[in-house]
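The primary structure of each chain is shown beneath.
Protein chains: 2
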Amino acid sequence: MSNRVCELLDIEHPILQGGMTWVSDASLAAAVSNGGGLGIIGAGAMPADLLRQEIAAARKLTSRPFGVNLIMINPEFEQQMEVVLAEAPPVVTLGAVKSTAVIPGMKARGIKVLPVVAAVAIARRAEQQGADAIIAEGSESGGHIGETTTMVLTPLVARSVSIPVIAAGGIADGAGVVAAFALGAEGVQLGTRFVVAEECTVHPDVKEKFLKAGDRATAVTARCIGYPVRAIKNRLAGVYDEWERKYLAGQCSAMDVENLGLGKLREAMRDGDTKEGSMMAGQSVALVEKAQPAAAIIAELVSEAESLAAELPSRLSLRR
Amino acid sequence: MSNRVCELLDIEHPILQGGMTWVSDASLAAAVSNGGGLGIIGAGAMPADLLRQEIAAARKLTSRPFGVNLIMINPEFEQQMEVVLAEAPPVVTLGAVKSTAVIPGMKARGIKVLPVVAAVAIARRAEQQGADAIIAEGSESGGHIGETTTMVLTPLVARSVSIPVIAAGGIADGAGVVAAFALGAEGVQLGTRFVVAEECTVHPDVKEKFLKAGDRATAVTARCIGYPVRAIKNRLAGVYDEWERKYLAGQCSAMDVENLGLGKLREAMRDGDTKEGSMMAGQSVALVEKAQPAAAIIAELVSEAESLAAELPSRLSLRR
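Listed in order, the protein sequences are those of chains A and B. The first sequence begins at 1 in my numbering and counts up one residue at a time. The second sequence begins at 1 in my numbering and counts up one residue at a time.
Just to be clear, a hint being listed does not mean it is correct.
Copies of one chain are not kept apart here, so a pair can be met inside one copy or by any two copies together.
Each computed SDA-like pair below joins lysine to any residue, with the alpha-carbon atoms no more than 25 Å apart [unchecked claim]:
no., residue 1, residue 2
1, Lys60, Asp49
2, Lys107, Ala86
3, Lys246, Val229
4, Lys233, Arg125
5, Lys275, Ala119
6, Lys112, His144
7, Lys207, Gln129
8, Lys233, Ala222
If you are wondering where the hints come from, they were derived from the structure by calculation, not from laboratory data.
Kindly produce the complete structure, drawing on both the sequences and the hints.
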């Protein structure tokens, strides 16, 4: 039985590496693509010129398809879109989808477009506008999140669209892959686990925090202003707490709270400030136990999942 | 292959009906047990005498094992525990586990004790105190919740204890059952889906709300005071918003926020006040589509899950 996500994206395994700002550059993306998955450059707030360079770098590092993740609420979005339309990377994943009207233009350039969604309604609209697949992202994910978890969002989206659904959020091992497929997904996207990949260029201190994190490691900040963000708890979470209280008491603006995050992701991920920077991570960080090359992560996910699926009919003993 | 949860609890299928205050009385619990699962009386804030009557009623309605759910932070807990030690229902599930010291006393009476936990550390402690199994409850659940979702909590708890793990949160169909087993569970607990069971005595207007709910139907209130509760959004959620703001601005106490919920669950579930009452429900309410007898729900869960597991090895196509 062939896999629709593999066919659509022209990849060996239906495993995507989530686009992560200041984390997934051409180095990680190319390593994932060379490993048979789909690596994705996290454009985030990248200036358009840098994005062009990263796309060029990825093309040098791999001959396989890769993607670019764009976040629509980003101030650089318009200029980034110009680069994307000019360079036409094989795939674009689209976060913070304000409007699905940008999809047809990219499709006309031959780009496969995969919106990242946290709710059913937007998945339906995206399909109508020609999206090639939907990345359904559960609230256990890292970074900017929605409210519905992978266990519930995946089957709901899978019931609502006919294009393939790729599950994201809470997946870090073969068991998560099998669970996602049971829930109706035809592919998976992992961010957090790839942060500790050897080819990932984040600061080593950040990788160490990821490897040591337990089940209570992450917290969600800025929920009160409508832009919840999940990251590993540190002093920054305390600063958010304080300002969120001020905001709710009418003593500061939503923008004041939002601005607390300015530069913080870079400070953590690139400069290694694990105390006051923003280490965006999913809850699955508690499942991440070892650093490996990206290709080894993909090979392990595939072999674990295949073994587990093969034994599941007997393991699933639902009768006495 | 035999199932450890079935053997432990002496039931046909490893499917538990979550204890739900003002919802799961002897009527629902007995119907679930008669259907081959484990029905559970939600003791909640029940006076001890009423709990004794409910246990007696369940014994009349079913000859099969059933359980009682006790919530340790409840003011009636001590008196309820006396009833439980006297009546010795086959199973007790224990919510809001403040201390695991109550476990040995119940075990000495032959009661199987299953703590409901939202974190790894308490699961480990409960196992050391003799718990028979762990119910790992993800944050997509209804009512009082933790922060870690089923996708992440289930495998973490399963790795941390050697007694069986029963997954709860976000499960409402056969796909959810298969996903839970893939993640390491050996049983499942469902609350929300059983609210619409024909034998469930909640107000019909509440059942209708459950059947119509979509993916954005629930909201979490009272997170700021450390007791997050998930329920279907209605005017009460707005009232909470307002008082949570006051609390964060130092204009009222945590108790004031907590007291907003007093009597609200009963008003919704028994009296049918769907506008201002508290309709506690999990995110899986969006997956609940039809009212059925409890036994039919269980039979459907088993057959759906078995079919899906049988086809999963071929459906899980991870190679091109």
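Hint check:
no.: 1; hint: Lys60 to Asp49; in the structure: within (17 Å within a copy, 75 Å between copies)
no.: 2; hint: Lys107 to Ala86; in the structure: within (13 Å within a copy, 69 Å between copies)
no.: 3; hint: Lys246 to Val229; in the structure: both (18 Å within a copy, 23 Å between copies)
no.: 4; hint: Lys233 to Arg125; in the structure: between (35 Å within a copy, 24 Å between copies)
no.: 5; hint: Lys275 to Ala119; in the structure: between (33 Å within a copy, 24 Å between copies)
no.: 6; hint: Lys112 to His144; in the structure: within (23 Å within a copy, 42 Å between copies)
no.: 7; hint: Lys207 to Gln129; in the structure: neither (39 Å within a copy, 35 Å between copies)
no.: 8; hint: Lys233 to Ala222; in the structure: both (13 Å within a copy, 20 Å between copies)
Violation of the numbered hints given earlier is confined to hint 7; every other hint is satisfied by the structure.
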